[in-house]
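Protein chains in written order, with numbering that gives the first Met the number 0: chain A, 0 to 225; chain B, 0 to 502.
Hint data in this document are derived by calculation from the structure and do not stem from the laboratory.
Worth double-checking, as some hints may not be accurate.
Cβ-Cβ distance ranges computed for the label pairs, FRET-style [as the list claims (entries may be wrong)]: (1) A:33 to B:228: 40 to 48 Å; (2) B:256 to A:33: 50 to 58 Å; (3) A:204 to B:256: 53 to 61 Å; (4) A:33 to B:248: 47 to 55 Å; (5) A:224 to B:256: 55 to 63 Å; (6) A:33 to B:274: 18 to 26 Å; (7) B:295 to A:145: 51 to 59 Å; (8) B:219 to A:106: 55 to 63 Å; (9) B:270 to A:147: 41 to 49 Å; (10) A:44 to B:305: 38 to 46 Å; (11) A:107 to B:297: 27 to 35 Å; (12) A:106 to B:271: 20 to 28 Å.
Chain B regions said to be covered by chain A (calculated; three or more residues, Cβ under 8 Å) [unchecked claim]: (13) 177-185; (14) 336-350.
All C-beta atoms, glycine included, are put in the ideal place defined by N, C-alpha and C.
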Amino acid sequence: MGTRILTVEDDERIRTAVRMALEDEGWVVEEADTGEEALQAFTRQPSDVVLIDIMLPGIDGFDVCRSIRRVSDVPIVMVTARADTHDVVAGLEAGADDYLTKPFAPKELSARIRALLRRARPTEVGVTHLRVGDLEIIPDEGVVLREGVELHLTKTEFRLLVELASSPGRIFSRESLLEKIWSYDYFGDGRLVDVHVRRLRMKVERDPANPRHVITVRGLGYKLQP
Amino acid sequence: MSAVGPEIRPVQARTRPRRRARIIAPVRRRFGLRTRLTLTFGLGAAALSAVLSLVTFGLTRENLTSQRERSAVDRAAIDAARLSPQLPESPTDLEIEQFLRELPLTDGTAAAISYADRWFTTDDINFSSSAVTDSVQQSVSGGDAIKINANVGGTQSLVLGVPVPALPAEYYEAVPLSDLQRTLDRLGLTLVLASILTTLGGGLVGYWASRRVFAPLLDVGTAAEAIAGGRLDTRLPVGGDTDLDLIANPFNEMAQALEDRIERDARFASEVSHELRSPLMTIAATVEVLENTREELPERAQTALTLLAADVDRLQQLVEDLLEISRFDVGAIKLHLEDVRAAEMVIQAVRFLGGGGVPVRFEPEIGEVTVRVDKRRFGRVIANLLDNAERYAGGATAITIERVNDRLRISVEDRGNGVPFEERDIIFDRFSRGAEGGNRSNDSGVGLGLALVDEHVRLHGGSVWVDDRFDGEIGARFVVELPMVEQPVDTASEPITEAIPIT
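Please work from the sequences and hints to get the whole structure.
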């Protein structure tokens, strides 16, 4: 069965055009024109990727994002009107993995979706078991344990943790993390990394305000402290 | 006749203020309003105090002189009256001198008796017979009492002559007026000093008053400057002073009207661009779907699709640029500032955003230089400059990064026809492409690229201009200058976001 994509967009013409473009990529597309409908559809049958327009009538894109996040680690791409508003950070904090601004080219969307799907199957790390401090990471199973208790990370958060854990103590610049995890070039949005690090800390750190594992290195980037 | 009148009137009305202005203007130019106010107060005080002083001086002198004269006349009459009872009928010289000696004279008053044409005096040196002219003596001997001002021994004195009826004698007294003169001199000096002080005081009051009056005007100036500088919500305080409110209220109304209008214009542009995005999104996606099935289309349709796809790209770029420009206009740009290595950023821009093989040149130490930029927007700056060179000059030949004082210069050079001197400023205006750009009939640019470069660079605290090539050959060099960052901050944990709000 092909990859299923749920698109939530209230403009019918855009929805149809995007569906056709995505179908040309060989994906199965399911459409929803409201947040409520999207949640019902997702509950009925979870998809592999969700595309959410933030501006929706009824419950907005942020709420849809949060509701899906509560039950699933599915990759979520949100569509915002502008890149420089707080919407981007709010959307990422609501649990989105990436964002696009309108109008975007369907080719760009396909590229984003492919990057997310690739990342959802973390198999390229040859190590089967990583231990960092009190964290235990099993890349092949997509599992993180802290003192034996499983932590629920999204696929992107997990990928970020595995990337940092591949060389504990090494500093990763935001540009390199953007490239490795999101397949962005140098001009990708650094806030993706910042918000994901914040989200990761909320889950893996005992005191997220004073992180012991995921450390910021002044002006250079991030590293994982064993 | 009556039909001519209205035709002439506006001409007169127009010329009159012009003529007035011509007369007043030189004075205005020489002195500021404050100086003129101060001078007016000072001169007014000077004139007033001068008049008062002169009147005071005149009245006082008049008063003192007549008082002195009156008492001198009285005294002389009394002294003269004692003459006949105290002297015998034919007094001897000794008796006359005795009499003179016993006179109770005061304050340097000299007395003299002319008896049978002989002159007896209490003051031989100064009050001799020559002090009183013959005509005076004749008048007195004729029975008239006289009173004259004369110089007695070098002192201005009041000389009084009194006939003595019972004797062939006249009695004279010389009352020196020098002490009176001294008093008047002192009074005069005092009045002059007082006038000077009053003048200075007037000037000071004028200065203070002008400052007081001027302070609100300066506030108006400051407010106008702030509005011109983009802070459109600047207003003057109202309600402090009813007179000042006459300026403040209309000023505030004007500022409000201006703000509303600018906002309306900017919002309109923003809304138009916004509304364009949804249909554009559909068109772009649909064109892509068509592109995916291009081979199945007839040849004519393929040609049409090529045209459509190219112009959809162009339209998309235009809307994106318009949106960005209108964000500048409503002040809604929020920069996501990061400290990045300038050289690396430029290299990456060339690599990912266009301009493929353009060499990036810089000295090794420049590689470490950090600038604080919104990476995405600054990437567009470089991309737009490369794109501009591509469109109008056959592509950029090199990018040079150099340090000039404490600023960083990024120069994009090309081998086009260069930019004529008179176009070097307007080339950054919106939709202005210069002669070179306008010649291209097949031009696919939209004329906002350089305007966006200008706005972005300025928002980053830098500047952009066009110059000649470094080697002086034909071609243009677009220079972007940015402030360098001395102390890189920890952008990874706290991205610096800068909002420039207008409303």
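Cβ separation of residue 224 of chain A and residue 256 of chain B, checked against the hinted range 55 to 63 Å:
holds, 59 Å
Residue 295 of chain B paired with residue 145 of chain A, Cβ distance criterion 51 to 59 Å:
For residue 295 of chain B and residue 145 of chain A the Cβ distance comes to about 56 Å; the hint holds.
Tell me if the beta carbons of residue 33 of chain A and residue 228 of chain B are separated by a distance inside 40 to 48 Å.
Since the Cβ atoms of residue 33 of chain A and residue 228 of chain B sit about 46 Å apart, the hinted range of 40 to 48 Å holds.
Taking 8 Å as the C-beta cutoff, is the stated coverage of the region 177-185 of chain B by chain A satisfied by three or more residues?
n = 0 at 8 Å, threshold three: violated.
Evaluate the given range 38 to 46 Å for the C-beta pair formed by residue 44 of chain A and residue 305 of chain B.
holds, 40 Å
Given the hint of 53 to 61 Å, is the C-beta distance from residue 204 of chain A to residue 256 of chain B inside that range or not?
holds, 55 Å
Whether the CB-CB distance between residue 33 of chain A and residue 248 of chain B falls inside 47 to 55 Å
Since residue 33 of chain A and residue 248 of chain B have Cβ atoms about 50 Å apart, the given range 47 to 55 Å holds.
Has the hinted range 27 to 35 Å been met by the Cβ atoms of residue 107 of chain A and residue 297 of chain B?
holds, 29 Å
Between residue 106 of chain A and residue 271 of chain B, is the Cβ distance one that fits in 20 to 28 Å?
26 Å Cβ-Cβ, so the 20 to 28 Å window holds.
Confirm or reject the claim that residue 219 of chain B and residue 106 of chain A have a C-beta distance inside 55 to 63 Å.
56 Å Cβ-Cβ, so the 55 to 63 Å window holds.
Verdict for residue 270 of chain B, residue 147 of chain A (Cβ pair) under range 41 to 49 Å:
violated, 56 Å
For residue 256 of chain B and residue 33 of chain A, compare the CB-CB distance with the range 50 to 58 Å and indicate the outcome.
At 42 Å between Cβs, range violated.
When held up to the earlier numbered hints, the structure conflicts with 2, 9 and 13 and fits the remainder.
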